[in-house]
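Join these two chains into a complex; the hints should help.
Chains as they are written, first to last, in this note's numbering: chain A, 45 to 408; chain B, 118 to 566.
No wet-lab data here; the hints were simulated from the structure.
Careful, some of the hints might be misleading.
As a list, the in silico DSS-like pairs of lysine-lysine whose alpha-carbon atoms are at most 30 Å apart [as the list claims (entries may be wrong)]:
| no. | chain 1 | residue 1 | chain 2 | residue 2 |
| --- | --- | --- | --- | --- |
| 1 | B | K470 | B | K314 |
| 2 | A | K323 | B | K261 |
| 3 | A | K222 | B | K555 |
Stretches of chain B that chain A covers, calculated by requiring three or more beta carbons in the stretch to come under 8 Å of a beta carbon on chain A [claimed, not checked]:
| no. | stretch |
| --- | --- |
| 4 | 212-222 |
| 5 | 235-244 |
| 6 | 308-321 |
| 7 | 515-527 |
Keep in mind the model is a prediction, meaning the values are calculated, not measured.
A virtual CB, placed ideally from N, CA and C, is assigned to each residue, including glycine.
Here is how the chains run, residue by residue.
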Amino acid sequence: MHKEPLFHIVKRPAIEWYKSWAIRVLAVILALILAGIVTLALTGLNPLKVYATMVDGAVGTTRRCWALAQKTAMLLCIALALTPAFRMRFWNTGAEGQVLAGGMAAAAVMLKCGDLVPNWLLFILMFLSAIVAGAIWGVIPAFFKAKWGTNETLFTLMMNYIAIQIVGFFVLEWSVPKGSGQIGIINQNSQAGWIPPLFGQAYLINIILVALITVFVYVYIRYTKHGYEIDVVGESERTARYIGIDVKKVIIRTMILSGAICGITGFLLVAGSDHTITKDTAGGNGFTAIMVCWLAKFNPVWMILTSLLICFLQKGAGEIATMFQLNLSFADIITGIIIFFIVGSEFFINYRIIWRKKEKEDRK
Amino acid sequence: MKKFMSILLAAVMVLSFAACTAQAPAETAAPAAETEAAAYVRPELKSIDPICSAPLAESKTLANAKDITVGFIYLHDENSTYDRNFMDAAKAACEVMGVNYLEKVGIPETNECYEAAADLVDRGCDLVFADSFGHESFMVQAAKEFPDVEFCHATGTMAHTENLSNFHDAFADIYQGRYLAGIAAGLKLNEMIADGKITADQAKMGYVGAFTYAEVISGYTSFYLGAKSVCPSVTMDVQFTGSWYDEALEKEAAQTLLGRNCVLISQHADSMGAPTACETAGVPNVAYNGSTIAACPNTFLVSSRINWQPYFEYIISCVANKKPIVTDWCGTIQTGSVELSEINEKACAPETKKAIEEAAAKLKSGELQVFDASTFTVSNIDPATFTNANAVTDASNKLTSYGGDVDTDAAYTADTEVVKNGAFQESAYRSAPYFDLKIDGITLLNSAM
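So here's chain B without its partners, still in its complex pose (with noise of 0.2 Å):
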């Protein structure tokens, strides 16, 4: 027995090291980036047009909606803020268009899903959605097995290279709501100013992310631009948390972003810890995926969310009219998939209505593009650490070029040109955000990615 052990475990040795030095040459390559890095060479890019569009259901008055049964997949309950956005818009549509509506709770981003979704089309469902960004992979597993039933998918990024006729990604230009949230931040920050508790260089806001992931410094961006449009000596901090949902964590880093000086805070995280933290704190705080104001009367703002009902109501109409589902949808203000809720007057600025009501109706016109190139500036590009390393500025440090990771991959290569008519054309190659740029005044206090 022993010397049977002993055997084994000179072979699982050898074996490792045999793994290793398979691994070597790509292990090596990790620190000889920093001498490659300065001849970082940009990789060709593709200059193509926008495939994202957002079609509505032609009606919503099926002729067949009873045969019709839609599975929802969802990856906690209704407690989480994110999860309950998508469930409410589910179930209303599923109501409007008269369809069967079946739903699975927390299923984690693992073969659950797949699971999830094979046992849904068992019991009869013509088409399955799914919530979370880490069931996507999933999602492509059962559209492979299923080719007869649709499958549809928010935030994810795989659709549009997979080419499976029967999967789709979808998503929303919630930029623009989280640019007119924005605005409800900087004229808040101008009347903190006006009334001399503050000064001009002291608008300082913070931010309490996720992930550094794009879809988070997309929101983050995006939001500071809005703010910037109406203040513009504001700066902003930011602080990762590495988790969509910790309530306690979110709570420390709003608190960091307190200690830090940030007169304002706003968040992409889906708990309430940063909301109640400013509202003991009596900071403003600008949410997101749906209203505060009950937990946080005093601080809260504006909220801007996603509107999933226009979507759901158009992959059943296409679902029950057998018609294809557009493969990257990426939802508008127009359609009605990016709003803002009630502004709390009490806590606003005054005018901040009007305000974002002018905004949003230049968005919807094009007179106004929230990654307007003019309006930002990248200093900070450096190839060696990979930082903006895919962008090209002017000599006045405005951006004039970006190689977009559209068709994502493990290497995260450039590949499409997403600055055209002078400005960042956020998801319009593909439906989920792909704006990954550290802009100038925004700081990093740490980084999860």
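So that you can see chain A by itself, here it is in the shape it has in the complex (with noise of 0.2 Å):
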């Protein structure tokens, strides 16, 4: 007789809007009732009141506020330049160091020239050479992939390491003091390259550029020509030769794009926050900016979301490790737990699972 399993997974047809975030929301409630139980266990404190540090460590000041918001807008930029690529399945896992070349080209401006031009042409020189510089880096393993079908994966990846060393190399080189390691934060005194606050707030501009960065790649995604390519080259590349889609260009046209966007982010990094550059300029966000853009389903408006719900989680986190004298590293299991389950979510929305039914009735 043939017994039928204790449960299989059937993919569901589709899913209504509000039963899929019932399961979201039920997932998150759940993530937090067990890093509670996992918190009380190995710390002995109140899960409630770490929950309450956590939201207080996000948004408890004005200026956490506005420091969230920048952390998000950095991740979500990082996020929307990963979008075009991930649309067209070109796993571009290089944003890491595509924002670090982008930085890195802003900074050696700032450094150079800050004393040479006046300060609207350093902005415009530090913004295209950010451009260029994460456009090349992206445009590397796209033409590689275009040519001789390589696996842009690891080529994008093995990309990162070489801007990190590359941005390595420099800081030391240009190191004050002397071997320091360190470059500083440039321009200091004359603040020549600092993108300048706007109503008071040092990073509002930075956060108007990612909105409209955001509306940008949305409508280009969604509403033109190329973003409609970029669709079918994803969905199969076959059905884009035969309908007369020039897949080359496409990929390399859009890793062009891909980097520009973290090249940009590199470009706001240094000019409108840090002003100065590092190997932790771009802080793992690269790496981030993956998972932000897959919770989201590649959808630029969604990113917003996924991108404010990480930054808080980490925000919150270190609010964590201050308030308790926690090692860091408990705050990483909490965000974790919550992150695991969110993923996890996902699942359920897209299968179904049918337990074995306890009915008598044989199938023969």
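Encoded structure:
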């Protein structure tokens, strides 16, 4: 007799929006309960207090809200850069390097031309050099993929390390004092090449620019011929060729765009907040953005939410470490649990579990 | 669209070209350096009195202790020996003084340091301290924005030139600690020579350094001079890792040195990489930042470290009593800032403890100077490669004058005469080390600068 398994998994045809959101909310609640149990078991702290601290750390003061907005904007900007590539099924894992390439170019111009050209021209030079550097870093793997079908995941990943080492080289070369491995804040007194505050808020221009990029990417992938071509190449290269799309061109063009937006992020980080360049300038966001992008299913509008969520958790985690003097790793455990549940919930949105029925009816 | 793109691209290229030409004078200057270097003229040096001092807390009982909050910013967490050294001292100082303690761990050397400092101010901190070199410019930024809050920073170089009343640097005469630890190394080498394990010519030490940076150069040179004070034939190889903390690289560097027949190893890098490599190979090791005796019971000799507690107590008492904090505080053996761990009797040569105590007493009294110009020679002076370019020596290659880059600038201009009373006066004109001479007897296998 054939024994039916305990459960089997069935793909859901389509799910109403409220059901999918109910699953997501449920996942977050479950995650909070599990993280609470872990907190209690490992530290003996009241989990509710820990969560309250987390919220306080992320949005407790006006300054923290702005810092959160800035952090979110930077992460979002990288995720937006990845979007066209990912929709084309080009797995660009090289955002970290593309951001650093852009940041490095902007910082170099800021450092070397700071005293030579007027501030408006300095901005333009920094911006353009960042775009070009990011685009070059993005297009190299695309060219090899288009030409010889190399594996873009590995290629872009390796390009990260090259970019990190290039930054490391220049940071040592230009370090002040000699040999210290630190450039320090560039143009600290003249503030040449610093994005100025708007309405007294240092990060406002950054945030507005990223908002514009969000709109641009949304329109680009949804309503332009390029966006359509990207989707077709992503679905099936053969189909794309059949209907006369130049696949190589699309791959290269899309990665120029992807790299260029990463370059802009590098520019915003250097000119808009850090005012220096280090190997940490991208801070791992090039990798975190991959998760942001996937969680939002490559939809630029959802990415605002997913990047906010991740930054919220990161900021909150830091506060837990400060307030309870717990190791940062503990805070990472909590954020890890929450993100794991959120990622997992997508499974239950796409699939349904059917348990074995206890019915007597024999199927023969 | 296509047309627009090509116009944009053309514009980019033109502008980048413009940028390149704008930079051209600076670029061509670099290759020309070689010809110019022959005519290298040492800049005029100012001869000034030492500015560093190390006052202590007047009293450790404060009437208003509960109203004072101190915020600490750390680069990593307690897993790093470097940060752990600060954390333990900070917590101890806050406990002794009864003030409130706040910390931010894992703060990178980016804008996040400024954010962390500003957040600590929002939270009511009267004093904010950051522990890593790269935090400095962000602390300066915060100090400018919050003039009512005191900002202190370890290992930094900017305080004496920034002229901010609320920004201060601190360090300690750790080169003295290194020198004393070097004596333990030298005596161990003597023991090996006496036992016939090596000849006097084979007394070669190895040193794992982070960067070719003054703090590291000062550290290994003082260590070497300490060893040389008891074992005159000693030489040393230095291998740099290009990172302050990288366990794998440090281990690899230690193994490279062992492969070059170094019979004793020390390091200026924060992980356990080199000490564990030594324990495996059975080669004696002199540690930094803390004892490694637990992991290396057979090979650990002694360790030097900076004890930050006296400084923290001092700045807390200043803030509580509304007294100004000195711009550049440099702790000494007297203030308890420079410490040696217990020596490992099992691995050290006999009489090591006594020899170290005697030398420490002489350093305290000023009878002994670590960088006494009569104890080392500098023969490699080559302005073309900027090697020891700012050094002046006599006929026997003894240092008579040196221009230190004390007021840090991007061109590394020598600005201050730092040789006085027959010795290189380290950490006298600013707390962070500026000894960057390459002296005879030490071979650099690579460089990371």
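Hint check:
This hinted pair checks out: B:K470 and B:K314 have alpha carbons roughly 23 Å apart, not beyond 30 Å. Using a Cα cut-off of 30 Å, the hinted pair A:K323 and B:K261 holds, with the two alpha carbons roughly 26 Å apart. A C-alpha spacing of about 14 Å is found between A:K222 and B:K555, which places the hinted pair at or below 30 Å, so the restraint holds. Residues of the stretch 212-222 of chain B with a Cβ under 8 Å from some Cβ of chain A number 4, which satisfies the need for three, so the listed coverage holds.
Under a criterion of three residues with beta carbons nearer than 8 Å to beta carbons of chain A, the stated coverage of the stretch 235-244 of chain B is upheld, 3 such residues being counted. For the stretch 308-321 of chain B, the assignment as covered by chain A is violated, since 0 residues bring a beta-carbon within under 8 Å of that chain's beta-carbons and 3 are needed. With 4 residues having a beta carbon nearer than 8 Å to a beta carbon of chain A, the stretch 515-527 of chain B meets the requirement of three or more and the stated coverage holds.
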